[in-house]
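Chains as they are written, first to last, in the numbering used here: chain L, 980 to 1195; chain H, 12 to 291; chain E, 202 to 1125.
Please keep in mind that the hints were generated in silico from the structure rather than gathered at the bench. Owing to the predicted nature of the structure, the values given are computational and were not obtained by experimental measurement. Note that beta-carbon positions come from the ideal geometry of N, C-alpha and C, so glycine has one too. One thing to keep in mind: the hints can contain errors.
[As the list claims (entries may be wrong)] Mimicking DSS-like on lysine-lysine, the simulated pairs with C-alpha atoms at most 30 Å apart in a straight line are: (1) E:K503 / E:K726; (2) E:K287 / E:K757; (3) E:K666 / E:K688; (4) E:K757 / E:K240; (5) L:K1103 / E:K1083; (6) E:K240 / L:K1103.
[Stated by the list, open to error] Derived coverage of chain E by chain H (criterion: at least 3 residues anywhere in the stretch with Cβ under 8 Å from a Cβ of chain H; other residues may be distant): (7) 421-429; (8) 438-448.
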Amino acid sequence: MTRWTMVADLRRCVGCQTCTAACKHANATPPGVQWRRVLDMEFGEYPNVQRAFVPVGCQHCEDPPCMEVCPSTATRKRADGIVTIDYDVCIGCAYCAVACPYQARYKTDRASFAYGAATENEAKRHDDARLAVATKCTFCVDRIDAGLAQGLTPGVDPAATPACVNACIAQALAFGDADDPQSNVSQLLAQNRSFRMHEELGTGPNFHYLWDGGEP
Amino acid sequence: MTPGSGGAVGPDPWVQRHWDWRAAGNFIGGGAGSGLILFAALGDTQGAPLVAALLGGLALVGAGLLCVWLEIGRPWRALNVFVNLRTSWMSREAAVAALLVPVTLAAAAGIPLARALAVVLAGAFLFAQSRILRAARGIPAWRAPLAAPLVVVTGLVEGGGLWLAIGALSGAPTPPLAWVWAALLIARFLLWPAYVRPLPERARRALEPAGRTLRWLGTALPFALIALDAMRPGPATAWLALAGVAAALAGSRVKHALVTRASFNQGFALARLPVRGARP
Amino acid sequence: MSRPVAPRSDDARAAPAGVRRVPTACYQCVAGPDLLTVKVEDGVATEVEPNFCAAAVHPGGGKVCVKAFGLVQKTYNPHRVLAPMKRSNPVKGRDQDPGWVPISWDEAFGLIADRLNDVRATGLTDESGYPRVAASFGGGGTPQSYMGTFPAFLAAWGPVDMGFGSGQGVKCYHSEHLYGEFWHRAFIVAPDTPLCNYLISCGSNIEASGGVVGIWRHSNARVRGMKRVQVEPHLSVTGACSAQWVPIRPKTDAAFLYALIHVMLHELPRERLDLPFLCRRTASPYLVGPHGYYLRDRATRKPLVWDRATASALPFDAPGLDEALEGTFLVDAVEVGPDGDVLAEGRIDGATSFAKLVRHMRAYSPEWAAGICDVPAATMRRIANEYVEHACVGQTIEIEGRTLPLRPVAVTLGKTVNNGWGGYECCWARTLLATLVGALEVPGGTIGTTVRLTRPMSQRHESVKPGPDGFMHYPLNPTDREHWQPKPNIRNAYRTMVPLAGDGPWSQALGPTHFSWMFLDETPKGLPRVTPPDVWFFYRTNPAISFWDTVALGEKLARFPFVVAFAYTRDETNHFADVLLPDATDLESLQLIRIGTTKYVEQFWDHEGFALRQPVVEPRGETRDFTDIATELAARTGLTAGYNAAINKGAAGVPLKGAHADHSLPLDRRHDREAIWDAVCRAASAELTDGAEDHGLDWWRERGLATRPYPRDRWYLYPTVVERGLRFELPYQERLKRVGAELGRRLHEHDMHWWDAQLAEYQALPPWKDFPALWEQVVTAGGASLGDYPFWLLTARSMQYAWGGNVGLQMIREVADNIAGHRGVIVNPQAAARLGIADGDPIEIATPKRRVRGRAVLRQGIRPDTLLLIGQFEHWETPLAKDFGMPSLNTLATMSIALTDATGSGADLVRVSLRRAAPGEAAR
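Could you put the whole structure together from the sequences, leaning on the hints where they help?
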């Protein structure tokens, strides 16, 4: 089987938002919608303070709360693990959005543009099908599928890799098949200590956070 | 810069912005309405009050569903809501509602079996509503263990309260089910702190005003009014009607707060902090 | 000579019809240049992506940072000025609407050429001797990569005053620029990140300012195990990503660094230091006389050392020396002071420079520093010990087949530490920390990036030429009686006042660039009256936002008679312009730029070459390529021949006549943009391949870049210094002491006493001074009480906003909001609670003279006595930015001589009060 998985190395991430911006470019998301973004989290009390930068977005869970609650089956999970949304089926009830414990889903009711009216590039990319329905990170599924069709390896060959991973200047993001023990993500997970977010909710996220070197 | 609808803030939990007063309206109308249908169909009401209650309940349920229809992004695809009966409580709620309407109308028309069926379907509808919230794993205040029972209990209290009001205003004697209703009123009163206590602090604080309303307008006042009513001989009076309405209003307030004020999302958390370069 | 690598910009996916991926370059900030591709669909730029074809050579994987992703929106921003504009309201002022009226390019050029030709007719310099034409470019030199052949026009013009600053040279790494170049050809100092294991960073916010390559390298270093100790008053992005945060009191870093040195000199055995390096490669053994100058051989005037082998004093360059590192020795010598004055001659006691250093540092214990820095002594002691432990004194490494010392420890300094008062002390201490363990300019250690003041600029190692006393030559502005220049060439008087600024093409912007503004109202005694320029050009800079005393600066701008703004959108500085010229912006214009070798911040390449920044889309509206603008201006001012000559000489980045080929443009006629850049491309091609190839514009358009290997050992200056038999001019600053004394004499001879405080900085071994007190005095000087202004206000870098003119880009604002501090003033919660301030509350920050309004952002990662304003905002004209409601330190900070150090720099630091503001209260 294939299980597409994202690994974010918290030791590397500097919160620059390059991935946030790259995702917006690749997916032409409207203002305010950030399928990938990086949080700035602070812990402790002065002077014992720590601060971490945390890439978040859809975790493409094994047991996705969104899919369970979706009344229309617009949200589905592929055999390779990617959780998808069929924009043409979605009724825009946002049940999935409140069900998601990772706040990964967005719904934009009206067409909105950076400066009011659409600029040339926005007009070129605008898609009415994505209005008033749920949207979220797709692991750049179109790039993955097109890449696979050409014999490329997602996570290794840039043309087959999610835009955020391609763009990351700290090499903090890695993408690959966790069911392949030789893959980049499998090796990262085997050689470093990691965790998943909100593990206790039983969502089974396919998004891992590295926090230290050394075997788990 | 305002983020888009349902837009992201964080990293601390924030009140979800996807479901607003319209979603609250669904739980308010649907809860009270199904409770009203249930009590009316279960009780020994007859004639015009029965029809009023059944149709009133249906109207409330319908108003709630209309609210939802007004909120969804693609209202003209609304029929897609029925597809995922396998796992989605929203699909199930819609399906039950689709059955509840004709059945309740039939009950209002006096068809005997329909009345019994209406009880079941109304109960199922209320139950489905409570499970809708519970399945929203992203909102701690909704998936909390006692959230669903609270929604059921308050729905019954609200519906029952309206049913008592209809009955009282129509001059009927206080029905035996009223005792059940009073017990439910107490149950709601006790359930509330048990529900609220384990919630995250933000949600707890956000629910304080609604809690106060529940205690005073929703419990103390109704009981005071019930006592007043009981002191007067004869059929149920306007006091009882007021008690029912007060209890119903308080329930509405609670559900509104639950949906639009206490609905902080899960936020983000790190199980471990990163080690950067050397162990501290 | 190996064949250069030139990637093809093909894509693994077959490109659908109408879709192109165009390679280009980004140099919006000094952390670049970096490489990208832009996806263009049916002529519309839609997406920015890395250029993975460059991944093999670019030290950041062929990637670009968040700012480059703003370039699409930058291109299609509806607020762009798309046609030339002229002002119709003759009155200039903050509250005056300029009344911009679109005009044709012909009319615009006519207006400008008329003024320029008037100047040529009147005289290129005015009655004060200053150039009548001034030009300001911000961005630490990066605008040069966007202004096409405009430098050729300026070169052809004649004297131009490029010293009206917008912050560069003053608010930047200023002291580091000057002292760094002086001591080790390090205009900017970097750690050798790939090999470094222990890095002490005093306020260097590299994770926000280091760009793609800086972040790439440090990310790898962290995972490899490099420990970085971030010493900084707030927990910056860099502090967050460090192993340890030391929340130091602002402007006390010199005391911290001195304490580390004290530990190394007074608490550790001498053998822990790199004694051979100190003896052989530095001036540590040079003997110092009673007046503080070197003791010199009476015949040759060479500085003397004590040779242990012969038990005698010998010149520093005698063969077979066994120099004594410490001790005092009676020697036969002459001590020469300023202006060649013989201060002593005969049998004189001389202490080694190193011995004097040890004595100098004795008082600066960690216990002493703790009270000043508010850092526990134990912490400083531990850091000093860890530094020495990690230094691996004695170890070596093989680089390009050579055996070099390996010293994997480094110290970096950030803004506000390496500029303003205390900048000298911090830079000196930092370089000393490297020197003591032999970690200066060696693998793993503290190394320089490039040179801007010494020459040649593009060849750092070639600039290592022998100078006096065994040190590197440095083009100090002369201070001797015969050659000192009392009459400045430009308004900021760098040549007169700042010997270290040199006199190269970059020196103007590295003088005290705030003086140009300050002296407009009152020129100090001895300098010719500072006059407004007849014509002022500016590009990619917004001094009305980015400098100090912004309100007053705007008022001065209003008095400039004719201002030409190369404008992107309306902004706070071009509000005072007379003509707006819209240049074709980043993705619309053409220029070939150099890439590789070692350059600024952390751009250390194993390759060198060129990249083409090319138009990916047609220029919008009436915008024009800067090259075309320059060519037209040259033609209209009769300067075409000189302009072409300047291009031929290399003003476009590459000399057109090189060793292998001659692509010089004929002087007598105009050449269009394509012809010019085709010639430049061919010349670059020839230079890169030693004449083997001759590729023109079309080839470069397709490839995007071309490189050849650059040897790794060129990252380190140490081998070159050794090869040329030179020493690093440390620890004792005898030359600077002399230069300062001479400068003092020259100034006093001209009755100029207003620079005396600055003259005091020219010390051979600088003691600690109470630097914070200097800023405190700003408060008390006006009669106010310091207790009423208890907070230190600082700034820090916003990676998303800085540079590029992207403050008006919606997407940048949106993504930047994910990082704390972009919506207000960062305040410690304890401090806020004492003042009744909650998160998000409206607040007012004030000095005795000014106040600004904002919102409180409560964060634990900041000292309770410190406030932080990220970036530089408070825009009032720039679309989008003007609605941010973010205050700026620049409104509160003054320009003053008192706060200017000897190199002419200041620091972003202000003492302020803080209070909760009532919601309806008006600001100011």
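Consistency of the hints with the structure:
At most 30 Å may separate the alpha-carbon atoms for a hinted pair to count; E:K503 and E:K726 exceed this at roughly 38 Å. The straight-line distance between the Cα atoms of E:K287 and E:K757 is roughly 20 Å, inside the 30 Å bound, and the hint therefore holds. Using a Cα cut-off of 30 Å, the hinted pair E:K666 and E:K688 holds, with the two alpha carbons roughly 29 Å apart. Of the pairs offered as hints, the one joining E:K757 and E:K240 is violated, with about 44 Å between alpha carbons and a cut-off of 30 Å exceeded.
With a CA separation close to 28 Å, the supplied pair L:K1103 and E:K1083 stays within the 30 Å bound. Between the alpha carbons of E:K240 and L:K1103 the distance comes to roughly 12 Å, so the proposed pair stays at or under 30 Å and holds. Coverage of the segment 421-429 of chain E by chain H holds [criterion: at least 3 residues with CB-CB distance below 8 Å; count 6]. Closer than 8 Å: that is the beta-carbon criterion, and the segment 438-448 of chain E has 4 residues meeting it against chain H, so the requirement of 3 holds.
Of the numbered hints given earlier, the model fails hints 1 and 4; all others are met.
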